[in-house]
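Asker: For the sequence shown, position 114 (counting from the first letter as 1) is numbered 113 according to numbering that gives the first Met the number 0, and the numbering increases by one without interruption.
Simulated from the structure, these hints should not be mistaken for laboratory data.
Small disclaimer: the values here were computed from a predicted structure and weren't measured.
By construction, the Cβ of each residue, glycine as well, lies at the ideal position given by its N, Cα and C atoms.
A portion of the hints provided could be inaccurate.
[Stated by the list, open to error] Label pairs and their in silico Cβ distance ranges: (1) Y120 x D88: 18 to 26 Å; (2) T32 x G89: 23 to 31 Å; (3) V123 x D41: 30 to 38 Å; (4) D88 x G14: 31 to 39 Å; (5) V43 x T125: 21 to 29 Å; (6) I97 x G14: 33 to 41 Å; (7) F115 x P28: 14 to 22 Å.
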Amino acid sequence: MIGKAVEHMFETEEGPKEEWRGMVLARAPIMTTWFYITYEKDPVLYMYQLLDDYKEGICGSYDTVPAEREPGEVVDSLVGKQVEYAKEDGGKRSGMVIHQVEAKPSVYFIKFDDDFHIYVYDLVKTS
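My request is simple: use the sequences and hints to build the entire structure.
Answerer: Following this line, the structure appears as structure tokens:
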């Protein structure tokens with residue numbers, strides 16, 4: 000299931016349902032039927048039980064897929080590092096990288112000091 004695309008329907012406060020596409024990032028520790036997911040529409044980390052997806056055959060098995068890496072590729076972990084995010088208004092947010100997604104090593108969970116949400120970012124190296 001890890002690394003698989005998912006599509007879920009969510010009902011809005013106004014009533015109509017919206018389709019959200021996302022990716023299963025990791026299995027939650029201890030609660031083995033719960034998974035971390037992020038969606039294209041919102042980079043926040045969500046946690047859901049994906050039993051229905053499993054029953055419908057969308058995700059296959061609960062086994063972890065190995066990270067896709069090129070031969071000889073070195074993956075540096077940023078977990079535990081302080082980060083700064085430049086906001087559009089010129090302000091800055093600071094936080095910490097708290098997790099690296101095993102199925103996609105360029106994807107990290109970031110917890111900002113001024114927010115209780117956990118955000119999901121695909122961090123690419125720039126020269």
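Asker: For this structure, which hints from the list above don't hold up?
Answerer: Result: hints 2 and 3 break, sorted rising.
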